[in-house]
Amino acid sequence: MTVMHGTSERRAGARRARVLMKGNEAIAEAAIQAGCDAYFGYPITPQAELLEWMARRMPELGRTFVQAESELAAINMALGAGATGARVMVSSSSPGISLMAEGMSYMAGSEIPVVLVNVMRGGPGLGSIQPSQSDYFQAVKGHGHGDYRTPVLAPASISEAVDLVAHAFELAERYRTPVFILADGTLGQAMEPVELRFRTPERRANDWALTGADGRPPRVVKSLDLLPENLERHNLALQAKFQEIARREVRWAGQQLEDAEFAIVAYGTAARVARTAVARGRSRGIKVGLFRPITLWPFPERELARLAARLRGILVVELSAGQMVEDVRLAVEGRCPVAFHGRMGGMIPTPDEVVEVLRSFQARVGRRARRKALLPLPAESKVEPPSGNGHGAVDRAGWAPVEPVEPSEPVLAGGHRRRLREVAR
Amino acid sequence: MTVMHGTSERRAGARRARVLMKGNEAIAEAAIQAGCDAYFGYPITPQAELLEWMARRMPELGRTFVQAESELAAINMALGAGATGARVMVSSSSPGISLMAEGMSYMAGSEIPVVLVNVMRGGPGLGSIQPSQSDYFQAVKGHGHGDYRTPVLAPASISEAVDLVAHAFELAERYRTPVFILADGTLGQAMEPVELRFRTPERRANDWALTGADGRPPRVVKSLDLLPENLERHNLALQAKFQEIARREVRWAGQQLEDAEFAIVAYGTAARVARTAVARGRSRGIKVGLFRPITLWPFPERELARLAARLRGILVVELSAGQMVEDVRLAVEGRCPVAFHGRMGGMIPTPDEVVEVLRSFQARVGRRARRKALLPLPAESKVEPPSGNGHGAVDRAGWAPVEPVEPSEPVLAGGHRRRLREVAR
Amino acid sequence: MSVATPPRAPASPRVIYQQPELLSETSTRYCPGCGHGIIHRLIAEVLGELGLGPRTIAVAPVGCAVFAYDYLLLDFVEAPHGRAPAVATGIRRVRPDNFVLMYQGDGDLAAIGTAEIVHAAARGERITGIFVNNGIYGMTGGQMAPTTLLGQRTTSSPTGREASLAGYPIRITEMLAQLPGTAYAARGTIIDPSSVGKTKAMIKRACQVQLEGTGFALVEILSNCPVGWGLTAQQSMDHIRAEVIPAYPLGVIIDRGKRAVAPTSGGEG
Amino acid sequence: MSVATPPRAPASPRVIYQQPELLSETSTRYCPGCGHGIIHRLIAEVLGELGLGPRTIAVAPVGCAVFAYDYLLLDFVEAPHGRAPAVATGIRRVRPDNFVLMYQGDGDLAAIGTAEIVHAAARGERITGIFVNNGIYGMTGGQMAPTTLLGQRTTSSPTGREASLAGYPIRITEMLAQLPGTAYAARGTIIDPSSVGKTKAMIKRACQVQLEGTGFALVEILSNCPVGWGLTAQQSMDHIRAEVIPAYPLGVIIDRGKRAVAPTSGGEG
Amino acid sequence: MAIDPLATRARAPLPPWTPLVIAEDKCKGCELCVAACPKAVLALDEGVVNRLGYHPVRLTDASRCTSCAFCARVCPDVVFTIYAPLREV
Amino acid sequence: MAIDPLATRARAPLPPWTPLVIAEDKCKGCELCVAACPKAVLALDEGVVNRLGYHPVRLTDASRCTSCAFCARVCPDVVFTIYAPLREV
Amino acid sequence: MERSVIFAGFGGQGLLFAGQALARGALEDGLEVFWIPSYGPEMRGGTASCTVIVGDEPIGSPVVDRFDAAVAMNLPSLEKYGPRVASGGLLIVNASLVEETARRPDIDELHIACTELAGEAGDDKLVSVVALGALVGRLDWVTADAMEAALREIVGKKRSAALAADLAAFEVGLAVGRGERLEVAAASR
Amino acid sequence: MERSVIFAGFGGQGLLFAGQALARGALEDGLEVFWIPSYGPEMRGGTASCTVIVGDEPIGSPVVDRFDAAVAMNLPSLEKYGPRVASGGLLIVNASLVEETARRPDIDELHIACTELAGEAGDDKLVSVVALGALVGRLDWVTADAMEAALREIVGKKRSAALAADLAAFEVGLAVGRGERLEVAAASR
Ligand SMILES: Cc1ncc(C[n+]2csc(CCOP(=O)(O)OP(=O)(O)O)c2C)c(N)n1
Ligand SMILES: Cc1ncc(C[n+]2csc(CCOP(=O)(O)OP(=O)(O)O)c2C)c(N)n1
Ligand code: SF4
Ligand code: SF4
Ligand code: SF4
Ligand code: SF4
Ligand code: SF4
Ligand code: SF4
Ligand SMILES: [Mg+2]
Ligand SMILES: [Mg+2]
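In order, the protein sequence lines correspond to chains A, B, C, D, E, F, G and H. Each residue of the first sequence is one higher than the one before, starting from 30 at the first, in my numbering. Each residue of the second sequence is one higher than the one before, starting from 30 at the first, in my numbering. Each residue of the third sequence is one higher than the one before, starting from 22 at the first, in my numbering. Each residue of the fourth sequence is one higher than the one before, starting from 22 at the first, in my numbering. Each residue of the fifth sequence is one higher than the one before, starting from 34 at the first, in my numbering. Each residue of the sixth sequence is one higher than the one before, starting from 34 at the first, in my numbering. Each residue of the seventh sequence is one higher than the one before, starting from 1375 at the first, in my numbering. Each residue of the eighth sequence is one higher than the one before, starting from 1375 at the first, in my numbering.
Be aware that a few hints might be false.
[Claimed, not checked] Capping the alpha-carbon separation at 30 Å, the derived lysine-lysine pairs in BS3-like fashion look like this:
hint, chain 1, residue 1, chain 2, residue 2
1, C, K219, E, K72
2, D, K219, F, K72
3, H, K1531, H, K1499
[To be verified] A few chain D residues that don't get close to chain C, going by computed Cβ distances all over 10 Å:
hint, residue
4, S45
5, L73
6, P214
It is worth saying that the hints were derived from the structure and are not from the lab. The beta-carbon is built from N, C-alpha and C at its ideal position, and this holds for glycine as well.
Work the whole structure out from these sequences, hints included.
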């Protein structure tokens, strides 16, 4: 599925249909090809070309494009259109995404599918328009109010972005949920060869969508329930759904993890830097691989936990002050040391910089291991041949086998878990 | 500082000056007494009385009250007033808080002090108006875009709320940062006796605030910097500040932790339920204590980590699907099992329900301990007499000693840490 | 619940007035004498008479009328506070053949939702809006709204609204009527049987305007909030007559008729 | 950088025009011929002439003028996109003795910030606003603004703005002028030396209105965006004359004078 | 459908006849109908508290009611069903 | 201060005198001044690229310039300083 | 020891007031207390209730599994809270509106014609104050003196007529609660 | 093997176009490629630049520590990127605007009078296309055929005059880059 690491196959059909496209435009066109019915947006750098592409193409196709008066309006237009069962996309960049927090919470609460693209830029505040990954927390944890989770897809190349757009619509509609695509300024502004492997997910019967109560009882799409008992029941149903997503929709890709003593964990643009850093690190004798989450939520925690058990250390690289690193630590739970390297405000670490950090980390872990005897490499750590993780999201070069593992803590205790079970989706 | 657990002293001076006040009103009056210059708000249940109190009192005192046209306007009025160095408060409840994400990110980025009160209600979306703690993630992790952290104070009683309001202004101004007070509908709507221990933090010289460039060079309060190098430098300064806060401003309270085999970790209203549950659990033979974070960020992670090392298990209780539990797990990092019990949508667990969960957790942990021999209670686990944690936030009954421990992972690797050090605040 | 069949009348007598079909049997959560109930009924009557029930997708506001979907038997989506016009726009654009109705209070429409209503009107969205102006935030406990009269006491203007601190009341319907996208704008009230009838006619016209496809249509209705105003229901109606109508004159503010600036191209695309 | 002293003129000659003191030496980031530069200069001149520089707290928008603080030597705070009127209100209320100036583009003021500008005006905040209407989103690459003319091509209306899809241009200054809190509203332009002079007079009056304390004051300035419009600077000025002014007539829209609805009580509390 | 224009005028109801039916349990006792009734034949029944906790309205004199439906028009709670007046046949 | 009304008119500058000074490195070559000049004495210098990458404007004939300051009024980049015209003493 | 009571009935019956008066009485007595209303839109028009928890130590949990006492001023409240009174607890029912009983032999069930008694005391609207008086008289959680002080404090001196009526209604209820006016209080079943 | 080049100069010199043409040429040659502009407000009026990375395998890091080649179309660009050319790399300087040199004996520094050459080819605005031609001629990352196809593709058939000018400018640059027109290209020091 991802093309970022594809190598030999790629060269083989070298002259096959590939076009050079800007990330923003490729995402927009992918949405169109995926059957997007309506796009609502508001200009902001570095995602303006996405909106502009939609402004040109959607009316041509007789579909809906509205430049809203604000991001608030855009997300609420999406809410309205989404409530009718239409396939809807919205895009923005960091400050604009912040303005959508309430709307996203409403859509999560009233189970309205929509795909929201965030082409992240440096923050906080107005910050800059340069690439960043500092909205990880926002997308993965706490954007709007209330108990909800949003699937978050993080492409590392423009081709992968194209794939993930179609997948995002699928997820949104299968689970009736807003879905984030978390890209950054680099991905939005860059041009890369894109294979025109567009895909149109099938439409499902929407027995909940608003079409007018013609010959059937009225339908209501809402998130309100003043009776705590009812609202809790609704929340339990939502949580059951989120758990199902967490169980079924994890995606990640690995590279050179078979014999790795260290892994870099990185996503998106940072993962590209890491990929080069892995190559350079290997050439300098560091046994390092790359673990690249493609879904940031659900986070590939079991897979990473299993991997961590046989590593000497994990280095997390982000274009942020350290956000995903918390999820890495939650997954690793002390199984090996976790280090972090990040750049902020639009800066991107260079591969050499990452190799340097890796080196010093290696040195410190060495000392630590001697001192605390914390980190024996599991003797049975066995390399298995590349294979899929069930969702086709395997990078072509390099692969770390994943076997089902027991979920790590927390245990969901007593009543909560029981209630979760009681709720039928 | 907290009065929630105060016992004997309290009865002693039984008839001393206490007034019965609604939580919302007590918070408002505490702000007034703390010298709040300006309040901006927008009506929303269950915090409307806070706004109404301000509407009555502030004009009486010749201070600023504005009912804004929206939460967006309110937070931006606060941004403006805060930029002049005024002492500013804003309040709302969950959906309204979501609308403030961009403004909060701007204020964090441009270092404008303000106190924002969230009287949480059930979500997501419109949800309900009943109490909830499901905005923990939002307040603690990912509200606005960009790399920033907001100190979050979580009172468990109205008296404590009064104390924390003054403290919030102090923090906001000392660190030039927005500060959250995270309360919930119960605390906002209930009446309790409040001791009139109001406090007015000292004003500091604001050599950055906007007053007109009269006889000095113009000042600019902003978050924008298009040069990534500069914006990174700014971000590193912010991060250094956040680390300082994390080092210095942790508050928590403990109860009956000396001989505890289990601890309940809970904050705010959930901590009140937990407190009763601890008493009932003890009376039924469970050696359980309460660990109550008062600052949710910075989270008392060292203290909890140390405690966890000698516990058989931790039960996290929240009015949510499980949010703080992630921070608990990050702190505990596998040192003992962590279980979770939560209610949602306005429901509040009863003490008996919590005791029940605790019991079944105890039973499972027992089995687990036998099976995996994971959880020997540290033999040297020694009870020390109650004492402060350096910030006066000690509950009067019960106390777990805290000694400085090494920070847990992640290690901040190489360049990042170095750059952090290089930046002078 | 009592059934609306007259006792012992075997051959059914001619019904002059009965509960409209589009209204549910549920008792509303509104306070005694609250105008929201009257207005709901008028909407049900008009949509029923125009046969629009099965085609309608309605947008509920956040305000006392947030439960409108419990009372009006229509497909409904609940908008965040103030965003009904944006939500309705989203529906409008992807469902060109549906009838789109939205219902908003004065806090919802004239405060937090100002930008959304202005731009829905500016775009000339084919939406019919019902705007219930009771001069107060009913649902949250009677705070000042943008439409609150000067001098009026509310829980957030306890000594009466003062212009120097809280600004002036807004006649937002007049503002919206200025926009060429607004095909119809009118202001009615519900203080007595006759004004109820006139308001119903306005609502009907506002619905027809949508069917004619000429632009945005809005009916502002001066309503009451007996609880928030601290008056009995009837006193509140008298108050509207004496104080509110002079500040917010009744009547059709604009009706561009069929000559209204019609969309330059066929549809909503 | 060249210095503005005439070569070999020992006794200083009389200066008719020179860089205003409140303007920094920095070259602006504006494109060649962009009106923002002219308007900045007018502001610097007016504030200088009125001696308001040291009293002013200014609010920068998000738009091409976001860097206004780099050019105007005033205390500045940067508002989020569209929120300058709220930010200015916050300042206004806690600093009654300062002069509060805000600067906004048309995307900033008339799109995302519609609610904030309407309510700042409705409250009659003693704020002076400069509203630069160039009919486009300059900073983000030339997308359609609410003020974009029908038929105008922009990067988000590539075939020209069409009312049926994108609605009608908004004359927001006229809308704001309706509100009793608005003490002064005018529209000028900067297409030639004479219009520059008239606009300067409007700005001056809008500043005086704030000093008189009678309410909100706004000057809309029809400006250009040569890059966004795909025209040379001079062509863009001609375009304003030929196309924009007919749609947005110049002149003072309202000046309530000293008789304006003054605050009922003394101050801003 | 508020008023059915096709309803036949021919079949007069059998006596005993009433001009209106009050859905007593929906009434909230707001008295708007009381004020609106031109014949002053409506009044709250202070002796009764209904399911909602209010004193419901009563028709005090059916013979004077003209079926004008003013009460129904102002009632926020759709309490009334109104029948055409009895024709003197 | 745009125009100093107190500036004395008495002291005429010594020759060589120029009616205006152009801050060449601030000019962006937009030609607004060129269009505004009633005397048509301004033109871009195509032979020069300044610090900002533009051809700056030049006064082509100082003797015909009237110091009317139209150029200064329309210049977005405050390129001009204008001096009072030489009086024929 | 924490003791809890819920006051429930129609909005407009003065239940929140009664609860607040009890809370303030507890305060006057130097006790700890916690008062929490059901809040929000359902307050208006519909039903209203508030919970008061009184104790010697700061109140822990704000939620109560079983109430030590309940005041049910209408039928829905009886149906909802009757079953939630702890065994051995007290249930006060407004007999003026409710004929039904809780059918719970394990509790002390007091049926009081609040409207009539309130009318007798001077204002038949003060039904909840009568019930409050009965509660205080029956349970002695708070002293009658403290309650009177509390009423004086809340109602305020300016409104002396209102105060007199409240005090009178309270006294009537108190007498009933103490069993001094047996004729109007009917025990359960 | 990844190879990187930065095109930098004033906005309006056509640098983004030149970079895109190179990227498309690479695509025509079946290579992997990554093009990224400096974007945002500073594009307008100020400086502009873009980076192109060409490789045999999908491009990894989008950031480049040291460039294998740089095209500096004005002095600030020379000052900024001259030092960042990798040892052994290529630096092309627009001699029509820049007299200075990078003073780096370790690199191949080519000074080309782009304006004059472009003028000679027919349109003196096409300075960056000349530089692009030189780059391609000197380095052979991409074939000249692919570049021509790319230009045809981008400029399009409709604008045949523009296409002819672009092709001519490219050819002139190509010749210079290949050393076929030594007289106008000055090697550094
Ligand atoms: C974002 C947000 N802010 C505030 C609220 C709280 N709220 C609910 S209804 C309402 C206002 C209701 O006033 P109005 O629109 O006039 O309707 P009414 O109740 O008077 O009919 C408010 C502020 C909310 N739910 N969401
Ligand atoms: C919340 C948010 N949305 C969008 C943007 C992107 N943005 C920056 S400036 C701008 C509009 C500028 O247009 P205008 O206000 O007309 O100013 P101009 O550049 O034309 O002077 C936009 C949409 C932003 N920074 N923040
Ligand atoms: S609060 Fe006011 S608007 Fe809301 S239901 Fe009651 S009377 Fe009606
Ligand atoms: S983009 Fe337009 S508005 Fe912005 S600086 Fe350039 S010309 Fe001016
Ligand atoms: S129908 Fe007319 S006369 Fe009869 S009760 Fe109703 S209002 Fe009175
Ligand atoms: S108007 Fe309706 S609700 Fe009010 S009293 Fe009359 S019947 Fe009852
Ligand atoms: S001062 Fe007047 S005459 Fe002289 S150059 Fe300028 S515009 Fe032309
Ligand atoms: S107007 Fe100013 S910037 Fe433009 S060409 Fe003339 S001097 Fe240069
Ligand atoms: Mg209202
Ligand atoms: Mg603009």
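Hint check:
Using a Cα cut-off of 30 Å, the hinted pair C:K219 and E:K72 holds, with the two alpha carbons roughly 22 Å apart. Using a Cα cut-off of 30 Å, the hinted pair D:K219 and F:K72 holds, with the two alpha carbons roughly 22 Å apart. Among the hinted pairs, H:K1531 with H:K1499 is consistent with the structure: their alpha-carbon atoms are about 20 Å apart, no more than 30 Å. Distance to chain C confirms D:S45 as a non-interface residue, since its nearest Cβ pair spans about 34 Å, more than 10 Å.
With a closest Cβ-Cβ approach of about 22 Å to chain C, D:L73 is found to remain outside the 10 Å limit, as its non-interface label requires. Distance to chain C confirms D:P214 as a non-interface residue, since its nearest Cβ pair spans about 33 Å, more than 10 Å.
Violated hints are absent here; each numbered hint is respected by the structure.
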